[in-house]
Structures are given as C-alpha cells and as structure tokens.
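Work out the full structure: start from the sequences and follow the hints.
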Amino acid sequence: MKYSLLGLIKGAGNHHKDWPAAWRQPEPKPAYDVVIIGGGGHGLATAYFLAKEHGVTNVAVVEKGWIGGGNTGRNTTIVRSNYLWDESAHLYEKSLKLWEGLSQELNFNTMFSQRGVMNLAHNLHDLRELNRRVSAIRLNGIDSEFLTTEQVKAFCPIINTAPTIRYPVLGASLQRRGGTARHDAVAWGFARAADRLGVDILQNCEVTGIRREGIRVTGVETTRGFIGARKIGSVAAGHSSVIAAMAGLRLPIESHPLQALVSEPVKPVLDTVVMSGAVHVYVSQSDKGELVIGAGIDAYNSYAQRGTLQVIEEQMAALIELFPMFSRMRLMRQWAGIVDVCPDASPIMARTPVEGFYINCGWGTGGFKATPGSGWVFAHTIAQDRPHELNAAFTLERFSSGALIDEHGAAAVAH
Amino acid sequence: MTAQSHRNPTGGRIDRARTLGFTFNGRYYEGHPGDTLASALLANGVHLVGRSFKYHRPRGIVGSGAEEPNALVQLGQGALTEPNVRATQAELHDGLAAASVNCWPGVRWDIGAINGLLGGLFPAGFYYKTFMWPARAWRAYEWFIRRAAGLGLAPREPDPERYDGTHAHCDVLVAGGGPAGLAAALAAGRAGGRVILADEQAEIGGSLLAGGGTIDGRPARAWLDDATAELAGMAEVRVLPRATVFGYYDHNYLGIAERLADHLPPAERAGRARQRVWKVRAGRVVLATGAIERPLVFDGNDRPGVMLATAAQAYANRWAVRVGDRAVVVTNNDSAYQTALDLSESGVAVALLADLRAEVPAALAQRLSRAGIEVAAGSAVVDAAGGTRVTSAEIRRLGADGTTLEGPARHVPCDVIAVSGGWSPAVHLFSQSGGRLRWDEAIAGFVPDISRQAEVSVGAARGTFDLAAALAEGARAGAAAAHAAGFGDGTATAPAANAREVIAPRPVWRVPSAGRGKAFVDIQNDVTAADIALAAREGYSAVEHLKRYTTTGMGTDQGKTSNVNALAILAHATGTAIPAVGTTTFRPPYTPVTFGALAGRTVGPLFDPARLTAMHPWHVQAGTRFEDVGQWKRPWYYPRGSETLHQAVARECRAVRTSLGIMDASTLGKIDIQGPDAAKLLDLVYTNAWGGLEVGRCRYGLMLKEDGMVFDDGVTARLGPQHFHMTTTTGGAARVMAWLEEWLQTERPHWRVYLTSVTTQWAVAAIAGPNARRLMAELCPNIALDAIDFPFMAWRDGTVAGIAARVFRVSFSGESAFEINVPSSQGMALWQALMTAGAKYDITPYGTEAMHVLRAEKGFVIVGQETDGTVTPGDLGMDWIVGKKKPDFVGRRGLARADCKRPDRKQLVGLLPQDPKEVLVEGAQIMADAAAPPPVPMEGHVTSSYWSATLSRSFALALLKGGRARHGQTVPVHAYGKTSWAQVTEPIFYDKEGEKLRG
Amino acid sequence: MLLIACPFCGPRDETEFRCGGESHIARPGPAETVSDERWGDYLFNRANPKGVHLERWLHGHGCGQWFNVARDTVSHRVLAVYRMGDPPPKDLTP
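Quick note, the sequences are listed as chains A, B and C, same order.
Heads up, our numbering is the position in the first sequence plus 76, with the first residue counted as 1.
Heads up, our numbering is the position in the second sequence plus 36, with the first residue counted as 1.
Heads up, our numbering is the position in the third sequence plus 269, with the first residue counted as 1.
For the record, the hints were derived by calculation from the structure and aren't laboratory data.
Remember, it's a predicted structure, so these values are computed and weren't measured experimentally.
Certain hints may be false.
[Claimed, not checked] Restraint ranges, calculated between C-beta atoms of paired labels, are given here:
id, chain 1, residue 1, chain 2, residue 2, range
1, B, 615, A, 91, 27 to 33 Å
2, A, 141, B, 407, 49 to 55 Å
3, A, 324, B, 742, 33 to 39 Å
4, C, 344, B, 383, 50 to 56 Å
5, A, 221, B, 192, 25 to 31 Å
6, A, 236, B, 678, 26 to 32 Å
7, B, 731, A, 221, 55 to 61 Å
8, B, 676, A, 236, 29 to 35 Å
9, A, 91, B, 252, 54 to 60 Å
10, A, 221, B, 916, 40 to 46 Å
Think of the CB as a built atom: it goes at the ideal place given N, C-alpha and C, for glycine as much as any other residue.
This is how it looks when you write it as structure tokens:
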C-alpha cells in the first residue's frame, strides 16, 4: 500500500487498521543468490539496489538483532559530500544525489533536510586546509563555499564569534546541500522497498560462521540454521573484523565506541549543522527539537556500545565554548555505536581473496551519509563481481600497495 | 488569589512560618519552604500546567518527582531561564517565575489544540508516510513541524552561573536515601567504611517522607530523623541531598549531579556554583533507587486531575495539600489502599476505590469501609471525562480475562483520579552498569538479575516493596559492602518494621475501552495504546523499533512511567510474552543533566589553557597579533601603527634580509636524549645517519611513520658522546616525545636511552640577519663567533648578555642566524637585552608569518603545511636525507612500497604566478585542464603562498603531480572561481647556494 | 572511565593513560626480505577480537611506562596487566 496523505485520510476513517506490515517477517529459504550480512542502512540499501538495479532479487539480509539497530540508529544523522580527495568526493556526491530523491524513490519520508553543513576554521592552518578543501570540492562539481566570520555569524547567529574566545572562529566552509536525515527512516525505507522487490529480511538471525568450499563461499551458518549463498556481502560495521575472521580474513580495522548525545527538546534554535575540528563539536537540532551532538571516539577497542563520561564532559565544554547559551540546556540521553576505524579514514568496499565474499566496512565515524551511495556501488560490485568506478579505489589491496585515500582531515572531527 | 485553597492548616514537612511568593503563567501564588513548584501549585488548586507534545491536550501534574511526564515548565527568565524543568522537582523559592511550555497563546486556550481534532490523521509515524510531495518540499513542511515540536525555549544569553566538578573515592556508594538506602548507609558507616549517600531530593528519606508505617516501634519519620542525624555524625560518611546519581559507567565509576543553588532565589546564588558533578569511583555500590509507580492505560487517562496514587499520597502527607475535593482511586495492587485512607484523612472525599482484582485484600478493604470508602472489586476506571480538569470517572466491572467489560457503567463525579498500575523497580542504574534484567511475574515488573559490576540492588529497586524486608536488605548490603572493603564483620542488625501482606497485582495493561477515547501510554509524547497496536501491525515489533517508530519512552522522562506499559501492550499485540519482547537498554543519564555542569570549570579561559612563552608579556606590550599553534600563542606579526598584516610582514622580512630580526622560538619542542644508545635511537627514528655527528655539531633530521610518510622534522645537536638535544616542530613536540618512548620501550627495551622533555625549560630567541653576528659579538664575550670556529650547524655554550646560554648556529630564515637558548626564567631578560643592544641595527621582532615567508623563499618545508601525512621525503625533493646505506630506520620499508615509487607522485615545486602581484590562495588547486568542465581533474595544490618583499613579487610552493620533471611549465591554479596561471620552478627562490646562512 | 592498574604505579583513571592498540605485533625484517603484503599486514591489519584483547597502554600522565593489558572488549574488564616484553598469561592467549 503506497504511503500518501490520501492514505492517511482514509486511515483516519478506520483507525488505520489497513496499513500492512512495512516488511514481511519470512522464514529463511535454504539458499539465496546473495546473502547480505548486516541489516543496517548500508546492507539494506545494498539489497535494494541489487534487486532494483541488477535484477538480483533472490537476496536475504540477515541481521542479528533488529534492522537499523547498529550505527544506522546511533549516529548524528549528518549528510554531506564535502570530501577532499577525488575518490571520496565522487562517492559521497553520488550518495548525496541519491539522498536528494530518496524519499520519493522509497516512498518513505526519510526527512532529508538540506539545511546546510558548516565546518568552522579556528586557526591559520584550518583556513589553509579549508581553502584547499573548498577549492577541490568545487572543481569536482560539488557545492561548497567559504564564509567569513561575519558570514558565519549571519548564517548561524547563535555561534560565539567573539575574537576573544580561546579558538576564535576565523571562517567556515558551507555546503548548503548538506544537512540531516531521519536515521531510522532510512533503514525502514530501504527495508520496505527491498522487501517489496522480493528481498527477505531476516531479523534475529546472527551469523555464526561462513562456510567455504576451497576458496569459494557456499553459505552462512546462523542462529536460524545454515543458509546457502552463492555470494555473501558483509556490511556489518562495528563487527566487520568478526565476520571477516569467519571467512579467514584479517582486516585493517579496529572497533571503537563513538559516542553521541541529545539534549531535551526545545523550540527551533539552530537551523544548520555546525562542525568544528579544532574545538571538536558537531551539533544540529532534530525536528523533534533535541540538540544532537556528536562526541569523540573512545581510545580503546570495544564492542560494547557504551561510552565514558569523560568524553561527554569534554564534548560539553567544547559545545559551550562555541554556544555559551546552551550551558543551561540538559543532556537527555547518551549512547555509543561501534565504528570501524580504518587507517586512512576511508572505507573498504571490495572483493576479497575469498571468492564470492565481498566486504563493505571501514566507514569510521562517517558512514551514515554514504548509506544510499554505499549500497548502490556495493550492489554493483557484488552483482558484477567487479567494482564500479566510484569504488574502484576503495580496495583492500591499497593497504599493501600504499595507495591510501587519507581523509583524516575530513574525519578530524567525527561526523 | 493568594490563599492556598487546598493547603491543610497542619501537617506536612513545610515551614508555614515563611511564605514564598511565586508566579505561574504570570499569576501570583504563594507557597512555603519545603514546597516544590508542583506542590505549591496544587496547594493553590492548580492542576492544569501544560499542553501535550503532539495533540496539545491539556495536561496536569501526574507525579511528585523524577517520574513526572507532564508538568514541564520554563523556569526563570532572561539569562537564567531553563526549559523543561519538572515542576515536581523544582524547589520553590521566593520570586520563582515559571510558565507552561508548548502552548500558545496560553495553557487554557491553545491554538495547537487543533491537532487534537485532527488526531486521526496523526497516528504513530504518520510523517514517514507523507510530506514527500513535491520532492524537495520537505524543508517547507519541516519548518512547520519543527515549530510545532520542541518543548521549552533554549536560553538566548550566555549562562552567567558557574559550575563545579569534583572527584571522589569511597568504599560504598549508596544511591538513594529511602529506607533501604538509609539502612545500607548506616550499616556501612557503622562498620567504618567511607560512604557516600546520594539522594535526588532536597530531603533524605525517600518514601518515608510521604508514607506512614513504623520502624523500631516508632513512627517511620522519627526513625528517619534519627538515622540522618546519626549519618551526619559519622566522619567517613558524606550525605549528599539534591544529588542525583545519573550515570553508572565501567569499573564502578558513577556520576552524581548535585544541585547547589537552584533552590535559592537568584539574588542569593551570587558567588556560589550552581551545580556540581561528582565523579565517584566506588568500591561497592548499593542501588537503593526505589520503584516508580505505573499509571493505568484507560481512555482519557491524561486528563488533568488523573495522577499517580503515590503522588496524591505524597502531596497529602508531605506537603499537606489536598489534590482535589473528591477523588476516585483505581488500583491493581495493595499500595493505593493506604493512599485512599491518607487522602481521606487529609480532607479529600474519596468516592470510591476501584480494584482491578476480583479478590481484594480483606484487612485493607475493611479499613476503607470503616473510613466510609466504597471498594469496588474487579472494577476499573474505563474513561475519565472532563476538559482542563477531570470531572467524572466511568467505572465498569472487568471480565475475567481483563479484556472485556461487564455490567452497567457508573459515572462517579470527581476532580481527581488517583491511579496505581503497579510498580516498576527503578533499575535504570543497574541496567546502565551492564546488569541483566529479569521479568518477575509476581510483581509484574523487571528486576535486577545478573550483575556485571560490584553492586547490589536493595529494597524496592529489586522488587522488595515490603518496608521490613527492604530495611533488612539494605542493612545486609551495606554491611557486606563495607566488609568487602575491609570494614566490619559483614553483619548488621536491621531495624524492625511492620510487615504487610501483599496480594499480587493484577496486570491489565490496557483497560478495555468503553467508547472512543484515547488511552495514553507515553503521556509526554502523546503515544496511545492504539499507536502501539498500529506499530505492531506494521512490523515495528522489536522494542527499539516500537520506541523509535512511535517515540514512546523518548521524551524528557525517558519513559519512566510508560516503558513497561508500552512493552506489555506490544507483547499483547504481537501475542508474545513480555520477557520474550525484551526490554530496552537504559542509557545515562537517569534524569537530565545540565550541560554546564558536565563542562564544570572547563569553560572560558580554562577551556583549553593557552601555553605562553617567557617573553609573552613583551609581545603583548608590543601590540602583537598572535596565532594559535597547538595550544601555544605565538606572535604572528608585530604591526606598527596602522600597518596591515601584509605591510608588517614585508617590513619584518626586509629587516631580517637586510639587517637584523629577532624571533621568539621558544615553542619548538625540545627533548634531552642521554645514554650509551642515544645515537642508535636517532639512527632508528631519523632517515639519516647520526653516529658520525661530532660533539658540538647539529644536524637536520626528518622523521617518518612506518608507512614512509613524513611525520616531523627538526635539528638535533650532539652535546656529548652520549648526549643529544633534539628539537621538534611546535605542534609535534608531545607526539615526537611519545613516539620515541614508544620505540624505546616497546621495540628496543634493551637500549639504554633516557628521554626528558625540556621544551619549557628553555626560552629561545633567534636572531637572524646580516648583523646577527655583530650583535652576538657585543653580547657574547666567550664564544668565538667567526664562521670557522663556529660554523653553520654547530652549537656552543657561553653567556649572552651575561646569561648562561646554549647557542645554535642554525637558520630557518636563510640568513646568518643564532638561536640563543637560555633557562626560561631568563628568557625575558635575554629578549630585552637583545632588543636594547640591537637597537642600533634597528632590530626587528618578526612573527610566524614573516618566518614562513623567509623559509619559503629558501624552499624549507613546514611539516603539516607542505605535508599532510601523505608525503614522502622523495616527494619533498629530500631524498638526500634518506640514508641509503642504513640497514634500518622507521619508514624505510614503507618507502619501498609500489605506491611510494610512482613517478607521478605529487612533488614539491615552486610556483611563480604570471601576475607577479598576485598572491595565490593557499589551498588553491592546480588543474590538469583549465577548460575541462567539472569534475575537473586536479594535479596538486598550493601549500604556501606569499608576497616576497625580497623578490618584489609573489611566489608559492606547491605539490604537483610529477612536478620535478615539469619545471618551466605553466599551470592553471584555481580557487573560488578564479583561475590564475603560474610557472613551475625549483622550490627555492633565494640564496640557492646557501652562502648567506653559512656566512 | 576505566580503572587501569599500572604495574608500576597501581590503579589509576583511564585519563592518565593512552591506549596504544594491539600488543605483541612483531616488526618484520630485515626490510629487504619483507613482502608488501607482509608489511601491509604489520602496518595495518589487526586482530580486533570481540573478547580478550591484548593491548598496550602508556601511563603518560604518570610513570611514562608502556605495559600490556589483557582486556575484554565487551565487558571492558581488565583481566591481566603485565610488563612490556612479558608473554601474555597463558589462559588468556587466544
């Protein structure tokens, strides 16, 4: 049943009794052409594009818990494509273009709000880097502009731009097409759309092993039994190393907690996304009114989805430095996701030495924005058994050849 | 109206001797010390306090503490305003001003209430199904949605108040000062342990403050007074009232938010910290956090006047407030019987107690009937009628399975419905600690099951509702916790209390509907039972899906009163058992914590304290503009009069090139390296060879990461056969120090090398220019200064201006230069002496900007500017510094990888703009093809770009693909819509042979 | 805030330390004999286990010493602390 205002009006007449399940809860088939491990946004998007773009519909997404329960449901919802290196810029821009039509594509309102993403510069080094970045981004055909301190103040009047603060705001870059989206809706929207194309979404189905014949995969062992698969795509951010180990692979990945928090909801007060590397803040306001604030990565490996108080304390100090008026706001909820930290702060979306086993991981702190684009190129990689030109550089081999895509500048502040 | 219409003349824990005036929505009321805003409003007969989040339905006070979902107010004004404060937790003070949130123009008549009429259009998750057309219109829809959402208003001014943070260690931390917590603290304290007892309320006592009962044969409140007095007398016990244990983190680390001044009128807060966050490392934790009463889910259960039974009881007993004139009590358990009696005693006419259970507790029912209160067994309130206040309750008999109604409807007029739907142990902190929960059928609630940390839950927090048992549990846990820390023998005697028979509650999660009303589960977020059923139908049947789809439990109360009801209704809708549905993870904080309190003192000047050199006051006096480099404040340039940056830098550069400049170089990192294997360490971490360096000489070195990328650079001097002085970049000092230690300790532990960071031991003035040696000669009698005795890249000990100094002949400017190191305490004296003596050469202080220009003219790179973690020595044209014969150094193998050998790597070049007056933008990109449409292929970027006063033209350094083979080419350089052309050159523009710096 | 027992100073708050990642990674050599793959593995690949992790910590705001910690990456419990160069406790070796 198509979602529409008309549908809601009809529903109002009969207590909304007719809305069907957004996706089926099927029993696993004995085998699929493709099994996607991980029912997060990236995995569901991969399944959707496999079915939609490549006609591969005999697909299962296996999820150990509930879909969207990993980093998809734990991030700060920022979407942008202002990346330095060509490879990243083109990938994230593809994703951003998909975001721009995603609600209509999926018939599910993902609430992609292009309210702009502003990155602040606080010292001369920041300014140089910002010029470099903006210049490269624009030449790549992506919108980005430079704002002076006065323009920063005009665009976001509540930022403290006083020259007397510890790290004064010297300027900013602004990507107006960037913004935020409703994170859960992305998972649900892709799930519903993929389901309608025939994809089986198998929740509470944890992968416990990967079966191989020689160097070729044959399926996955799960808590719901063995499921055969000609191809397997691992999209299990946070647990990528665990899944890879089942296939006998070692990855250049460490799992770390990344914390975030929200304030109590208040009336609109912040209309854009503000990010600062030097002061270490990224903040926006959700449609519900909460300030959504990203904190730092805890320094140790962890699979625990919980963080520490000191990271939150530092985060609050940084926020108040830039927004002194937020001091009396209150922390309502803090949580953590487990992110794949990759040495060059760029993802891996590639074939592996194990035939039929593909891996999509290493998004670090910035995977949410890539959700549709990641699914799009990964579906191509699995269906065609070769990367799309957009992900050709994001290989595993780069870690031995040295051809890294070093985006630490982009990730200097988690996002 | 100032009379407290619903306040009783006696009783309660308030101070009637003093009257406090306050305003709510602009109207003046009065209350007393001891009141909360909620109790004072109720004392004045005010129930209607707000409008709901989605439907803007009128809402009243539901609870009496942290669980309150409805009564959120905007507290205070101007810079002191605070949104979404629970009226039940705001202590009354004279002059308090509060207002309702989320309604306009007012709480009685609110335009948003139109949403209530259209409610049918807004089921759970309606926004996912619409607002998609036309594409890109979401921003417009969003504008309206955002304004409708949100609750209170954020402050618009900086917070004038300050906050504290503090650390504490204790043997036993007791969270919660109710009977169980008090018993635990007493037992642990008596054993001699260091105890912290924290309770969120202004007064310690928890349920004892509002309830009756006897302990040790005396009224419980008398026992409470003795207990608090005894604790106050124990030297090792710290009692923190107004202190919420909000977070339970790893390794028994807990956060406590203490309110120090919120209960005072603004005028009395001056000089005090407003709040303080305690960070406590506890040996053992006793969780005595009590339980939270659940509402019942029936139609109209959100009307003002419908409140939790315990709250009604607390208002009667603790605050001597009659919550209404005529009450109906509805319960599924025993506890509300006492409420009915207490209400009756306080002067509220109790029309009826409806007990959902067919079998009622006989003794209690008898007491009610003696008090003239009818008990309707097997009955429930199925609808509450009214508008801005409940006016009547519809009572029906429940069918045997709880899903049907029987018999006729009775409409009982009332202005209060006191509700008890059973109790949920407050397991929030336990869950945060990583403990696992278990569903307990007997109490119909989640209780702690398996612990992960050194804690124990006691009393109502673990489902022990009986007072005697709770006291015993507390005493036992307190004694055991103290014993574990080495105090006492682990035993304690518990005070005696009257035990009560308890008949199990009858969970009826959704009281059957008699009509068409809305039955609310999450009353703050306007989530109804129908919404939960819809979510289940649509497949959002995982608990987290339910929460996220319907927003139940996502409000400022985080579902304290609603989570279990929502879970149970979901279980019913999906035909599963509650434990199979599971529970959500409770996340910190238990109740919201002020951002400012979490930041504590780390704001303003203490946000990240600036590092200043010994000469800083001189720079400030000179009107210097500073640059932030890491944490350091470095002089950027020294404008004279109205000079611009450009003018000042040109003047400073000319001074260095033609006469004499002076720079504060104190911020460079300095590491003292000693030991027999010191040279080996240098050989390992630098690319070049160090063994042959003579004592008295210096050498430039480049450090790489293991992947072969440039990481830091600097000059290192050999002070003795086994003694070196290393310098690093300003920003890299700590990194390099850690790097060296890491290699030493983890890879070469057998080497005998000792490192000491001496960055701040030394103040450094660098003098540079053709007159540098002359000035040195004047001030430095004991060092032979000519180029043969004291050559370039050498160092000497001596005195400068009478100050013991270590002088290095190194140069980053390309001129003859001396870096004079003196003890930091002598830095200012040295600087002043140099300035005075150098006046005849017009000695000119120069900052980092001029330094950058001067070094760029020489083609010297700055790590972090010409490099970005992707640049090899070869890329910089510095292959000469990479020891080909060295068997090993950090980064050697990395450099041999395929990608590091590509001929088209980006390499350092010089650029001369075609327009010699144009200074290229630093960061501008070099295009492969100026005519190409986007995406334009790029070949590199400008890393440094300046106006050179020396060359009388602009110039730049850049990284360019295959750049070394492209000298002479002209390339298009682009930034911000402008394409300029520049000629590629060798990256050196001044004194190529280096005669000046050697001279 | 983890509580880590520095083998030299005793139990201290996590903020006094720096986590240095996986321990017991041998640096391959001599360089000429090491393949690109082997070198890449040394530089970048990590075990990243869910469970017992043998890792290095530096007591930077204390004695300045590196040491090893065996810690569970799910419960965050510290299972053992031992000096650099010492082998991991046998029962904790994966």
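Those earlier numbered hints the structure runs against, lowest number first:
3
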